[in-house]
Structure formats: C-alpha cells, structure tokens
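Based on the hints, put chains B and C in the right spot on chain A.
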Amino acid sequence: MDELIDKLKGEIIEQLNLEDLKKEDIDNDGPLFGEGLGLDSIDALELIVLLEKNYGIKVANPADGKKIFQSVRTMAQYIQDNKK
Amino acid sequence: MAAPNYITAYAKIRSGKVILNGETGYSANADEPAADFVKAAYKHYELNYPKFYKMDQLCRLAFVCSELLLRANKVTANYATEDIAIIVANNAASLEIDTEHQSTIADADNYFPSPAVFVYTLPNILIGEIAIRNSIKGENTFFIFDTFDPRFMNSYIHSMLNTGRAKCCIAGWVDFYENKYDAFLYTVEQTNNGLGIAHTEEQLNNLYK
Amino acid sequence: MNHKTHIIADNIISPLGFTSAENFEQLKQMKTGVQRFETSALSSEPVCTAAIDSARLNREFGKLNVTKPYTRLEQLFILSISDAVKQNPAIDLTSPKTLIILSSTKGNIDLLQKAEADKFDKKRLFLWETGNVIADYFKNSNKPLIISNACISGVLAIIMGKRLLEGSEYDTIVVSGADILTHFVVSGFQSFKAVSNEVCKPYDASRDGISLGEACGTMVLTNKQQQQSIIVTGGASSNDANHISGPSRSGDGLILSIEKTLKEANVHPSEIDFISGHGTATLYNDEMEAQAITTTKLQDVPMNSLKSYFGHTLGAAGIIEAIVGIHSMKNNTLIGTYNFKELGVTLPINIIKNTQTATINNCLKTAAGFGGCNAAVLFQKNTESN
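Residue numbers (the numbering used here), protein chains in the order written: chain A, 1 to 84; chain B, 85 to 293; chain C, 294 to 679.
Here chain A stands alone, though its shape is the one from the complex (with noise of 0.2 Å):
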C-alpha cells in the first residue's frame, strides 16, 4: 500500500502538473480538494484519466470521484480493489 501510494503521488504531480510541489509535500490522509492541495473541478477529471490510463480502471460516473479522491490513500485503495 505504502508503496502504491508513494508512487501515486508522483503520478498525481505529473498528470496535475503540480510542478511546485514534492512528493513529501502531499500528506498520504490530507485533502486533496478543496483546503488541501487547492485542486478543482478539471484536476477531478484528470485524476480520472489516471486512474484509467495507469492502471485501466474505467470510472463511469464522474459524481464518484469525490469519494475516490478524497485523499492519496483513498485513491490507492480505490485502485488496489479495482485493479484487474
């Protein structure tokens, strides 16, 4: 799990161009909306992009990423039980 996360993490800074920010900056439970990392709607749908071109998990519906990408960690569950 650690180590999924530590490399979504890279993938996250990558896909969001987050060029400012290091993996150590991104806190594996802190928010990734909102307060936290200050993404908006057009990085949710990115992070769905991700998640299909990474690791070929399809979200059908867009609504579901607010539970999905709650955190890193709620993000790496996600893939770690949806995972072919």
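Please keep in mind that the hints were generated in silico from the structure rather than gathered at the bench.
Quick list of in silico lysine-lysine cross-link-like pairs, BS3-like style, CA-CA up to 27 Å:
hint: 1; chain 1: B; residue 1: LYS135; chain 2: C; residue 2: LYS486
hint: 2; chain 1: C; residue 1: LYS407; chain 2: A; residue 2: LYS53
hint: 3; chain 1: A; residue 1: LYS67; chain 2: B; residue 2: LYS135
hint: 4; chain 1: C; residue 1: LYS517; chain 2: C; residue 2: LYS379
hint: 5; chain 1: A; residue 1: LYS22; chain 2: B; residue 2: LYS135
hint: 6; chain 1: A; residue 1: LYS58; chain 2: C; residue 2: LYS486
Over the 12 Å line for every Cβ pair with chain A, so calculated as not near, a few chain C residues:
hint: 7; residue: ALA348
hint: 8; residue: GLU353
hint: 9; residue: PHE354
hint: 10; residue: THR387
hint: 11; residue: PRO389
hint: 12; residue: LYS436
hint: 13; residue: GLY460
hint: 14; residue: GLN518
hint: 15; residue: GLN520
hint: 16; residue: THR587
hint: 17; residue: LYS590
Predicted model only: the values in this text are computed from it and were never measured.
Think of the CB as a built atom: it goes at the ideal place given N, C-alpha and C, for glycine as much as any other residue.
Structure of chains B and C alone, referenced to chain A:
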C-alpha cells in the same frame, strides 16, 4: 473631435527578450526553446502563481507578459473591475495545444483525451486567465489576424473608450506556435497615467516593431 | 449615434434545413435535429449529435458550380452567405463599404487529422486564412474580421457588427458563424464528462449534459435607412474572472453583460418580451443563467434554449439562435424548448414548454462560454422609417 487616448504602459516578449516600457529586462539566447524561455522569465520575475504550471504555452506567455505590464501600471487599482476591457489577437489561435489534443485521440489503442489539455484549445482562455488573476470583469474579445493589426486595434479601442464601453483597455497580441512566440500587451487609458504616448496607429506600429 | 443597425437578411444551415424559413418551420413543429448515432467517426461510443446531412450539403454546394476545392466549414460559410445575400439586392459584397465578420471556435480543425491533412495546404488550418478564402470567393476587398472567443463568439460577432456600423467606414456588415462536428471537439467534451447520452434537456430537472451540433448562420447588418426591420439596440460582453471552465455560481459575469446591454439600449427589464437563452443543459450553466436572469429581474420573461434542436454549435450558436429569435419576433411565435419537462434550476424562471404565439418587441439573446466569458445582445422591432 474624439478625445485623445494614451498608451500608458507596454510589455513585449520576443526573441529571448523581455522588454518593459522600452527597457530590456530578462533576456536569454534568442535560440533558447520558447517554452523554456517563458518559464525562465516566470521564475526570474518571481511571479509565484502555482496555476502557471497548469497553463498551456500560449497562456503562460500571456500570463508573464500581462503580469509585467500590470506591475508597471496597476490599472486594477484605478478602475472598477467591469470598466477594464481585455482585447487580444493572434495568428495561430490555440493551434499549439490543439495539436497536442489531437495527438491524444489519434490512436484508438492509446486514446486518452485530457480535459486539462482540451480546456486550453480556445485562444480566449488566455483572456480568462488574465481576468481571473486580476479580477477583471469588463469586455473581452479575441480576434484572429495574420499579423498584428495596429490600424484595427487602434480604431476599435478608441471607439471602446470614447463610447464609454470601457474606461481602460488591456490590449495586444499574444502568439505561440511551433516554438515561435511573440507577445505585446499594452494599456490604453483616457488620462495619462504613465508613459503618455499618444494612442495612434503609428505609435502602435513603432512600439510593436 | 445617428444610425440604427438594421438586420436585412439572414440564413441558417443546420440539420433542420438550409434556409432560415426551413429551419423556423421545423422549430415551430418542435422537431429536433439531434439524433443518436450508434457508430460514427466522431466517437467510439454511441453519441447524440446534430449533424448536417453530407449528401445534401454536397448537392446544395454543387449547385454553385464551384471548381476549386473547399473544406466542409468553408462550404457552409459560402452557402450560408450566398443565401443571405441574394435575399436583398441592396447587399453588395464587392463594395469596399461591406465587411465580412466570421465567428468560429475551431475553424478547419478537422484538417489536423492525418486523413484530411493531405487534401489542403497547411495554411488552411489558420482562421485568418479561412477569412481570406471566404473574402476571395465573394470578391470582397476588405480583410474579414475573425472572432474566436469560445461559445460567445457568435453573439460577440453581432455586437462587433453593430459597433463597426456606428463609424463611417462600413455601411454593410455580413456576420457569419460556423463550426463543424469533429472527433476533436466531441472527444474533448466527452473527456469533460459533459456530453449527455440522450438529446440534451435544457433547464430540465433531469438534464445531464450537452449535445453537440454543427451549423452555420449569417446575418446581414446595415446602417442604411430601412422601412421596417429588426434592429440591434445594444450588446456587451464580460468575464466572470472566476474559473476557466466552470461558470460563476452567482452568474455575476452574465449579469454585467445583461445590465450593460439594457443600459446601452435604454430598455427596462419589464420591456423585454423574450429571452433566447444559452441553455447548454449542463448542471452548472443552466443554474448560473437562472441566477443571472433572476438578479436582473427577468425571471418572468418567457425564455427558451434551442440547444435541444441544434445541439451546441459553438461559434455558430449565438448567430443561429439570434436569427431564430428574429424570426420569432417577425412571426409572433415563441418556440418551445424541446425536451424540457420539469424546471430543474433552483429559481423559478419562465421556460417556454410549447410553441405559442406572442407579440415580441424586445428580444434578449445571451451566451456564456469557456474562459469565463459572457455576452448579451438586444433586438428590437423597428416601426419607424429610419
């Protein structure tokens, strides 16, 4: 007789050089790749706006140019937010990022269109980025010309100011395509709050050159 | 200002027809141009779009006896402008006092595809070249003005026409807007999860996204005296300064555009008889409009969206929707909003369900788009002879 209007500040980014109100600022080799140069200029001037990295190359160029222009002449301090217009034109529209979006959909086996790319496939997004950064809510229009058209820009912006549709205009040209870039933004006002250059076709031509 | 801006000719090319009259007749009967395509070159999944029948386009364009090759987009511009111009002998496209204004968000973007790229010079990808091609075809010596400002392009082009006619340089302005359906655009909006699986449902409680379409619309404006006509009395644009894709929650950008437009026209909200809305059928756009319409005290004015007939036609939308508004004024007929069943915005705005008769003296057209842009333009019945 129509009132005279003034070009009160201008900024140019071209050929590895930043020029602000006629003075050369940050510069690099003219053959420095366009994207690298714009990023280096952003860092040099410590513009500090994390969203910069999310922007496409066209918006990055527009952002750096507009930041420097509005540092030199902070029009947002002098006018109501709905009285400032942003009127910009270019040659290649958003073709630079259009090509990137096309590359994400060209291959059915590697088909991953990106919303963060697609959203930039409209040239007027650069006006939106300037508006968001500076809370500017006035008129906005993006034109496409083969080359910068001082005749049209001069006459249209005169009419905007003289009819009261705007009290201040941020205007100019921002073009980025295939490693070529050219930005020229300037402020036009009815009173002289800066350089005091008469807003005429001839002056625009001289400043753009 | 001495001159009024009169609308003296117009054309719409859409899946519903190749003239304004043909389109208006279909709209009166509430027939939609949006269809479900199980397979298409536009999308790997089934998709609902409003596509112009290519066979008919070829047939109509063939009648012009043109020898040079033109792209789909250029053919639409040429056909649409040709039809509008022949309606009024006073329109002279070769006059130096006539200017063409084109509105398009993506122009010939289909030429970025490998299969299309070889058919035309690379220069054809550029919108300024589209302008040259169209001006050359009509032997107009003025460099066309090109507006590419997302989904408000069409409304902006009309506003620009009115403003340029306030000066003395031009006496006639041909405003034409077009965008075509491409894999480029469809895939982009799909990546935004913004495309509905059905025909879109503007302002409806079950709305779930847009339908895309293709169209071309042309409106000819003049400042020369006319007997009776519809005139453009005001127009303005604004920016939300909030987000590059999401509309402002409060609608404050659109509010500014509407307020400035009414002020310029010297018209009170109570004098507005009809609003042709933007109504893309996304959750946020339609809600934003409801906020803006209510704040500007227009909530009781009958309002429709034509997106469930034409789809969202991007650079053409503002122009074709304005033209339908003008024909509504002339025919005293308000077009119902196809697929609208139950109001799904949080404020009680007055969406027209079924086509009905009404006297319309003032018609407000609004639009909003990516980049946080908004625009409004006002049309009025002109009964005086000037």
